[in-house]
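Taken in order, these protein sequences are the chains called A and B.
All the letters of the first sequence, read from the start, carry residue numbers 1 to 96 under this note's numbering.
All the letters of the second sequence, read from the start, carry residue numbers 1 to 102 under this note's numbering.
Hints listed in this document are in silico derivations from the structure and should not be mistaken for laboratory results.
Treat the numbers as computed from the prediction; the structure is a model and nothing was measured.
For every residue, glycine included, the Cβ atom is placed at its ideal position computed from N, Cα and C.
Treat the hints loosely; a few may be bogus.
Below, simulated PhoX-like cross-link-like pairs (lysine-lysine); rule was C-alpha separation at most 25 Å, straight line [claimed, not checked]:
#1 A:3 x A:19
#2 B:83 x A:42
#3 A:3 x A:20
#4 A:44 x B:56
#5 B:3 x A:20
#6 B:80 x A:87
#7 A:13 x A:93
#8 B:13 x A:20
#9 A:20 x B:56
#10 A:87 x B:74
#11 A:13 x B:83
#12 B:83 x A:3
#13 B:37 x A:44
#14 B:37 x A:57
#15 B:80 x A:3
#16 B:3 x A:13
#17 B:37 x B:13
#18 A:3 x A:81
#19 B:80 x A:44
#20 B:3 x A:44
#21 A:19 x B:18
#22 A:56 x A:81
#23 A:56 x B:18
#24 A:93 x A:81
Label-pair ranges, simulated between beta-carbon atoms [to be verified]:
#25 A:68 x B:71: 34 to 42 Å
#26 B:74 x A:18: 38 to 46 Å
#27 B:71 x A:40: 31 to 39 Å
Given next are the chains, with one letter for each unit.
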Amino acid sequence: MTKADIIERVYEKVGGFSKKEAAEIVEAVFQVMKQSLASNEKIKISGFGNFVVRQKKERMGRNPQTGQPIVIAPRYVLNFKPSQVLKNALNTKSQP
Amino acid sequence: MTKSELIDAVASKTNVTKSRAELVVNCIFDSMTTALKNGEGVEIRGFGSFTVRQYKPYNGRNPRTGEPVHVASKRLPFFKVGKELKEMVNSIVTGTVDSEKT
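So here's chain A without its partners, still in its complex pose (with noise of 0.2 Å):
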């Protein structure tokens, strides 16, 4: 599934909107979460998961190819945290 494929999915299922709309706002949805992911701020979606920005120390690594030691930067990433419903829904098989 690509971004294509949810605005078809909006589209379809939402109404009122015609394809360029669709595509719009759902392109305004990623670019607001991206927005506040950038500047540190967690978002909670209930029922689908959280997005944490972690702060990552300093820390020794090595080349795995030539098995120099170097210095890995403090740096700051981006995890996500499936919400238990999520997992469930993963894990459930639906009957018909």
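Given chain A, work out where chain B should sit, using these hints.
Below, chain B alone, put in the same frame as chain A:
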């Protein structure tokens, strides 16, 4: 930011009503959930991708009591952050991050 704050922000950014924005946001996460449920991955360019990973059963322990427990095989969603978002998150220029270009 919670889902309702996301809905508010989307509504004011796009000039649609909050109730319409809510339908859209719910539809997005519902369709992603359905795709994952069907074992299908989701890829959002510039944001990241979700895949389903299968985990084997293993014998674990309750960390509090030390009691052995059997953990059944399970499927879990895995999120891999996209390049653009990864860079946005790491550039700690709080606030004014502009990435309208794709």
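We went through each hint and held it up to the structure:
{"no.": "1", "hint": "A:3 x A:19", "in the structure": "13 Å, holds"}
{"no.": "2", "hint": "B:83 x A:42", "in the structure": "18 Å, holds"}
{"no.": "3", "hint": "A:3 x A:20", "in the structure": "13 Å, holds"}
{"no.": "4", "hint": "A:44 x B:56", "in the structure": "28 Å, violated"}
{"no.": "5", "hint": "B:3 x A:20", "in the structure": "24 Å, holds"}
{"no.": "6", "hint": "B:80 x A:87", "in the structure": "17 Å, holds"}
{"no.": "7", "hint": "A:13 x A:93", "in the structure": "24 Å, holds"}
{"no.": "8", "hint": "B:13 x A:20", "in the structure": "16 Å, holds"}
{"no.": "9", "hint": "A:20 x B:56", "in the structure": "43 Å, violated"}
{"no.": "10", "hint": "A:87 x B:74", "in the structure": "9 Å, holds"}
{"no.": "11", "hint": "A:13 x B:83", "in the structure": "30 Å, violated"}
{"no.": "12", "hint": "B:83 x A:3", "in the structure": "16 Å, holds"}
{"no.": "13", "hint": "B:37 x A:44", "in the structure": "20 Å, holds"}
{"no.": "14", "hint": "B:37 x A:57", "in the structure": "35 Å, violated"}
{"no.": "15", "hint": "B:80 x A:3", "in the structure": "16 Å, holds"}
{"no.": "16", "hint": "B:3 x A:13", "in the structure": "19 Å, holds"}
{"no.": "17", "hint": "B:37 x B:13", "in the structure": "31 Å, violated"}
{"no.": "18", "hint": "A:3 x A:81", "in the structure": "21 Å, holds"}
{"no.": "19", "hint": "B:80 x A:44", "in the structure": "17 Å, holds"}
{"no.": "20", "hint": "B:3 x A:44", "in the structure": "6 Å, holds"}
{"no.": "21", "hint": "A:19 x B:18", "in the structure": "19 Å, holds"}
{"no.": "22", "hint": "A:56 x A:81", "in the structure": "17 Å, holds"}
{"no.": "23", "hint": "A:56 x B:18", "in the structure": "37 Å, violated"}
{"no.": "24", "hint": "A:93 x A:81", "in the structure": "22 Å, holds"}
{"no.": "25", "hint": "A:68 x B:71: 34 to 42 Å", "in the structure": "38 Å, holds"}
{"no.": "26", "hint": "B:74 x A:18: 38 to 46 Å", "in the structure": "41 Å, holds"}
{"no.": "27", "hint": "B:71 x A:40: 31 to 39 Å", "in the structure": "33 Å, holds"}
Consistency note: the structure conflicts with the earlier hints numbered 4, 9, 11, 14, 17, 23.
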